[in-house]
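Q: Sequence:
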Amino acid sequence: MRKSRIIVVLAAALPLAAQVQLTRSETQIAITVDGEPFSTLFFGPETHKPYMHPLRSASGKSVTRGYPMLDLPGEPHDHPHHRGLWFTHGEVNGLDFWSPETGKGVNKGRVVLNEIVSVKSGAKSGEMTLVFDWKKPDGSVLLTETRVTTIYSDPKLRILDFDINLKAGPEKVVFGDTREGTFAIRLAAPLDEPTGKERPGIATPTGKMTSAEGKQGEKNIWGKRSPWVDYCGTLDGEKLGVAIFDHPKNPKHPTYWHARSYGLFAANIFGEHDYYNSIPGTRPKRVLPISTGNTPAANRTLMPLLKSRHKVLGMLFLVSIITYLDRIAISAAAPRISDELGLTTAQMGYVFSAFVFAYGLFEIPSGWMGDRFGPRVTLARIVVWWSVFTAATGAVRSYGVLLVCRFLFGAGEAGAYPNSACAISRWFPFGERARAQGIVWTASRLGAAIAPLTVIPLQAVLGWRPVFFLFGGIGVVWALAWYLWARDYPREKSGVSLSEIAEIGEAARSAHVSLSWKVALSSRNLWAVMLMYHTYCYGAYWFFSWMPTYLVKAKGIQAFAAYAALPYLLGAIANLAGGYTSDWLVRVLGVKWCRRSLGSTSMVAAGLLMLLSMAIENKVLAIVALSLSFAVSDFMLPNCWAVCLDIGKRYAGTVSGAMNMAGQMGSTIAAAAYGAMVGKYGWNPPLAGLAGLSLVSALVWLTIDPTRQLVPEDEPVRVA
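Just so we're aligned: the sequence shown equals residues 870 to 1589 in this note's numbering.
The set of hints was computed from the structure by calculation and includes no laboratory data. Any given hint might turn out to be false.
[To be verified] Lysine to aspartate or glutamate pairs mimicking DMTMM-like chemistry, simulated, CA-CA at most 25 Å apart:
id	residue 1	residue 2
1	K1121	E1369
2	K1118	D1046
3	K1093	E1486
Full structure from sequences and hints, please.
A: Shown next, in the form of structure tokens:
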């Protein structure tokens, strides 16, 4: 395991020239800056762990507590193992290296000097490289620590840079889940935070700790994560501060803080059990293993085979199945619903339209909510809402109530895919986003395929109403699991490794953002994306709303479940292949012509195959052609949603919502108009019109430029 690096800055105003001198002796290394003492590293045989004491500001004041090395007036005598600045941990293979000075026992370890590799002085900086052994009570070495400490010269600051490398010995080493660790400083008493319970004889506290996010005080910093914390106060009339910075490449960056009002100032990633529990024992302990030194994986932070972002994708995969399972259920049940409620073909078309109209109408607000409040809470809200109205569909008794119920169902489901896209944009690196979208849309097709295969047999046994009750319950279970488990950003999720965060390239969360609609509506690129998706959805939604009825009425196929599932099964394969193909073509053609060529070619093929299906006499071959039309349009779908991430960036949820809103307006028109036109023109002529709109979508693809961001990344973000 590598802890690279911790930087400590001691600030004071003193405009002097500076140089760093390191003087080595048998048991210590003394450090001076510009001829003035700064600190001393102690590592002699009488020490239980190496520590630096004292740490002095540029003005010469000691910012660390003297006790127990010195007994100074006004200092508390608690925690005698808090000595200046040190690095150890309270539970390593069951041994306490944090406080070995406070008693003897079989569970106490020691950190002893193994080798002084180098000690270098310099005009701009000094550096010392030392090797320490973390030893068990029997004297055997548990792990070896190589510590490089660099001290920089500055007339106003004292800067320490620590690069610490830990390598396991012959046995596996595990850092336990305890707050007692790892990199720590015990500050002078005047720098403590006031608590209102000050003790007689102890110096008046003046300190205040502040995190990188601007939060202040122990209550808002202890056990929280932040890339840096500053602890400042007044010492002998001078304003002084000590800041610790966690290097972005450290494990689990940004670190957790074991920072207390009584002057303990520690960065420790291993204390989640204590940080998250006000009542001990209510959360299982977590550990971080370090590979044994005799394996090829030695000195590496272990990476799980299944990465955290893949688990997020797994949750999105499941909800995508549920989305289309609930959405297509009414299509598969439509013949029975029409018969029981006495609905005409046109009325059933309006039922389909009510859903997509509301779905499109609320897409932008729901996408904006994802950008504003995060996909975690927004997706949970969306799934609970639509699940309630999925169940309510099973209770309707009239045409009017069915219309209202499906409208509210659509309003609730709006934003599901924009918020999935928002989660993908935060959890996946650029080169994996199209395939992640492909997997999500593959799941949607599996859900659509499962719907007729499950709804028809279930309604034969239970009737069509209980099927909707069952599907609604499944959604509520998912929403609860997602809300409890998911987080908006990788850095907020416990257990996400440093290596994975580096792979994702995700920046630390600073603020929720909202998009200027003046900027959005003035973007020709965004309008092109919306028009492309609008014309695509005419043909695509026909499969979700009318295909089962088309198979029964136009083709005379009563046992239609397998035929109705075929487009979605092929679509699932196409989505998966399309996602991987898009990511591959980006590397070959570049993002601009990858997105354009794949999208345009797919939509041309989709339109032509739909026209071909109407010219084929053989029913089975005609259905295969129709299914292939759906599949090739699905081949471009991951590419299509990746475009929203390309041009939207931090506004991915809003841009995805705008695109999907435009698409669902096309779906609304298609569902209602097709039902109304069938009675006048028959089943095929309106279908030819939908095929023509697919060709229009292909042309619009050629006008989209995914390299033109809606808001360039270097422009300021509007904080909501």
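Q: Each hint: holds or not?
A: Verification of the hints:
| no. | hint | verdict |
| --- | --- | --- |
| 1 | K1121 with E1369 | holds (9 Å) |
| 2 | K1118 with D1046 | holds (21 Å) |
| 3 | K1093 with E1486 | violated (68 Å) |
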